[in-house]
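As given, the protein sequences belong to chains W and A, one line each in that order.
In this note's numbering, each number is its position in the first sequence, counted from 1, plus 33.
In this note's numbering, each number is its position in the second sequence, counted from 1, plus 33.
Because the hints were derived from the structure by calculation, they are not lab data.
Any given hint could be a false lead.
Not the full set, but computed from the structure, chain W residues with beta-carbon under 8 Å of chain A [stated by the list, open to error]:
1. Leu159
2. Thr181
3. Tyr185
4. Ala203
5. Ser205
6. Asp207
7. Ser209
8. Asp223
9. Tyr329
10. Arg332
11. Pro333
12. Ala380
13. Gln383
14. Pro384
15. Asp388
Quick reminder that beta carbons are idealized off the backbone N, C-alpha and C, glycines included.
There are 2 protein chains.
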Amino acid sequence: MRESQTNPPTNLAGDLLLHLDDRPGEGPLPLHERVKRALRRAIREGRIEVGTALPPSRQLAADLGCSRWAVTEAYSQLVAEGYLEARTGSATRVRWSNTAEADARRRTTHPATEARYDLAPGLPDLRAFPRRRWADAVRAQVTTAAFTEFDYPPPGGHVRLRRLLAEYLARSRDVSATAQDITMCTSVTDGVRRICHALRAQGITAVGCEEPGWTRLREVIRAAGLTPVPIRTDEDGLRTDDLAGHIGLRAVLTTPAHQFPLGTVLVPERRAALLHWARQVDGVVLEDDYDAEFRYDRRPVAAIQGMDPSRVILFKSLSKILSPALGIGWIVAPPRWTNHLHETDQAATQPSTIDQLAFATLLESGAYDRHLRACRRRYRNRRDALVQALAAEMSGDMISGIAAGLHLILRLPPTVNPASVVSAAATRSVRVADLAAYHATDAHTDHGLVLGYGNLADGMVTEAVRRLREAIEESR
Amino acid sequence: MRESQTNPPTNLAGDLLLHLDDRPGEGPLPLHERVKRALRRAIREGRIEVGTALPPSRQLAADLGCSRWAVTEAYSQLVAEGYLEARTGSATRVRWSNTAEADARRRTTHPATEARYDLAPGLPDLRAFPRRRWADAVRAQVTTAAFTEFDYPPPGGHVRLRRLLAEYLARSRDVSATAQDITMCTSVTDGVRRICHALRAQGITAVGCEEPGWTRLREVIRAAGLTPVPIRTDEDGLRTDDLAGHIGLRAVLTTPAHQFPLGTVLVPERRAALLHWARQVDGVVLEDDYDAEFRYDRRPVAAIQGMDPSRVILFKSLSKILSPALGIGWIVAPPRWTNHLHETDQAATQPSTIDQLAFATLLESGAYDRHLRACRRRYRNRRDALVQALAAEMSGDMISGIAAGLHLILRLPPTVNPASVVSAAATRSVRVADLAAYHATDAHTDHGLVLGYGNLADGMVTEAVRRLREAIEESR
């Protein structure tokens with residue numbers, strides 16, 4: 034890492050102000066997000082060099098005429114993304130630049146892997162990828178497939194996989210679907226993108242999004258030309274009563290089995306209310322079933338898709354189960370939407386046929402079920418260890434959302450700034466996420482961190498929590 | 034196949050007329066394309082049953098108030114797609130329906146594989162897929178990769194592959210690019226789709242498209258909300274002089290090394306004129322480099338990307354070289370567009386990291402070059418055999434576009450209807466494409482067939498040509 038004593042461009046605030054609204058054709062974003070983007074663009078386009086010290090957040094906030102929070106939030110997100118680096122007692126500096134070698138360097142310091150203690154949510158245990166089984170399955174398929182399998186696959190994906198997947202989803206998630214209702218895609222974001230274009234072609238202009246919720250999907254919705262409409266969630270999940278207040282709204286994206294990031298479950302009355310609303314407005318529910326398999330207190334909560342397959346589109350991928358590097362996902366949709374996808378989506382994206390067949394092999398042999406069971410045990414034990422370590426180092430009642438999934442919520446006292454904790458943790462090689470970052474608006478009182486434990490090695494739990502406590506103490 | 038004597042719905046023409054313009058938010062299509070789509074939708078949605086005999090083309094044309102050509106063209110395309118079946122001396126019937134089992138049946142009779150003699154353009158020899166080498170490469174990578182490789186890949190794709198690809202493209206295609214300029218995608222259509230969204234965000238509203246040209250890319254452009262503008266081609270390639278006539282046009286999609294489908298090369302003066310135009314209008318050239326490696330008379334024509342990397346975006350995939358089932362493609366673009374892709378494309382689609390690394394292994398070991406050389410020999414020999422057989426059965430001067438690629442053009446006498454030949458050939462298990470199907474408008478005099486030989490087994494060439502001659506004779 035170069036450590037030149039380059040000073041910030043004197044016009045940094047001016048440069049950022051110029052670019053705060055540089056998103057042609059898209060709706061307004063929260064201020065911290067706009068500051069982050071403007072700053073990231075300035076770094077990418079080489080207007081701020083590697084090694085440059087950024088102004089203190091207080092000063093930049095004053096120059097931009099915004100809250101200090103928006104600046105610290107933007108800084109801490111860019112630290113997490115690897116653009117900036119924060120050191121205790123020193124200015125925040127640019128660590129990455131857009132030069133030919135920077136790209137390679139960035140790969141080796143890729144955000145998710147640069148932190149020794151990775152508690153960012155969204156990853157399964159990458160150490161547990163069933164390497165040998167995957168290689169065997171690929172070899173078995175690629176050496177025995179008919180030569181015609183090397184042709185373009187049909188628009189929805191390989192039928193053998195879709196048939197096995199329909200059976201598996203019926204058995205494990207109470208999903209009601211035939212092979213025909215399944216469309217293979219490369220990820221949940223890819224699936225949501227494709228469905229958004231279909232929704233738009235049918236005159237739907239907005240999609241209700243859980244608040245807080247997964248930021249990237251809001252961005253995908255916006256990029257498809259639709260407006261994400263924040264719908265609040267509480268301890269019973271999405272507030273379905275609020276839907277009626279949005280006249281004209283006909284689509285809503287939700288995580289009923291395990292709300293992201295809060296970790297709640299959509300209660301039965303609201304499941305019914307959600308489907309009732311969808312029927313009333315002739316609408317559609319987009320169900321993101323991202324990590325529902327990992328439930329530790331009881332059987333996984335079934336998908337709402339099974340309650341009304343004509344009104345629900347379900348999205349799922351292997352990213353939280355095997356690995357996001359595989360790029361294997363699927364959409365389960367009623368014929369109306371599936372036909373629309375297959376008929377109009379000329380640039381249909383789907384995984385390699387060979388990989389589809391390899392996945393089918395894992396499903397058919399039971400290896401996939403065994404992998405899931407082993408993961409469930411591993412993650413439950415790790416969650417227990419994390420909760421125990423947090424309870425030992427901090428007050429136990431700050432923890433919530435522990436019944437399922439690969440992350441939990443750590444509430445912080447009002448005196449502690451979560452964005453500062455994210456930065457202070459990063460300087461200690463600990464990667465965590467600010468709960469506020471998953472909000473589309475600044476109007477909320479959520480004050481805490483999202484701690485993922487999917488990709489945290491068991492032996493690192495105690496040390497990660499110790500470092501996190503230090504970061505919290507420093508941020509008081 | 035069921036063979037019920039179901040009669041066509043008496044209101045078929047009415048039903049079709051109702052749906053002829055069912056493409057909300059998209060521009061006008063040629064009439065035969067609209068008839069095809071309306072008919073396909075009627076079949077998909079179950080309004081016409083399997084086994085139903087369709088009215089004679091003359092009658093339906095009269096009912097729809099269109100030319101008989103538009104109807105025979107629509108019928109023959111749907112025969113090729115597997116929705117309809119045509120038998121000599123009998124009515125055209127519906128062969129596929131949207132029932133649960135139909136999907137599986139359709140897979141086994143997938144268009145590209147149902148015809149015993151596959152002369153449709155667009156496929157490499159699927160029999161030649163290097164199965165063992167691919168399986169070995171996957172195993173080598175999946176068993177030795179760092180666990181962090183199973184994380185999300187960076188937005189542009191794996192850096193190791195992009196670096197090797199940049200070297201390879203410089204060496205084989207005179208492409209001037211660093212790893213950073215390359216973005217992995219799943220296919221040329223996927224790449225064009227993604228770039229179209231970027232173009233649109235920058236205020237570009239139309240894309241010039243070669244006339245004739247690859248239909249699917251026109252549809253992708255349209256689906257992205259841009260208008261495809263037909264630009265004629267002649268024996269020297271794209272008519273660059275015509276570009277100036279389209280005020281406001283700032284993007285053009287072209288196949289300079291080997292025009293699809295005509296097989297011509299963009300001559301040097303026009304290459305210069307194209308780049309001059311792009312600079313003048315502050316525009317961009319989209320270069321589809323789909324099969325440039327297979328040139329039989331001299332070295333492959335270099336990509337125009339190398340002449341002005343700041344004005345050209347190059348698209349390429351492995352679909353014509355290894356297999357479309359792999360879903361591996363790439364975009365080479367100037368930093369401006371690459372940055373835009375990586376920053377805004379939240380649902381970035383790219384191949385599995387494992388597959389990217391496997392492809393990198395083939396590039397690094399030289400196996401990819403050896404495969405290409407072997408393919409070039411194989412295709413040249415097959416082309417020679419096809420040209421010889423055509424010359425023996427028909428008049429040799431009807432053939433053109435044979436110097437490169439995986440297809441050639443067979444001009445037909447004015448008395449023969451190409452659409453009828455496509456149908457008549459299909460009844461003889463021969464799959465060929467009507468040259469007219471690649472035109473965006475009906476205003477042209479191209480009268481012939483496109484014959485692909487990439488996926489035609491050597492031993493079938495003579496018999497395929499014999500059957501094709503019969504089909505032509507029957508269509509006089």
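* **List of violated hint numbers, smallest to largest** => The structure conflicts with hints 4, 5, 6, 7, 9, 10 and 11, although it agrees with all the remaining ones.
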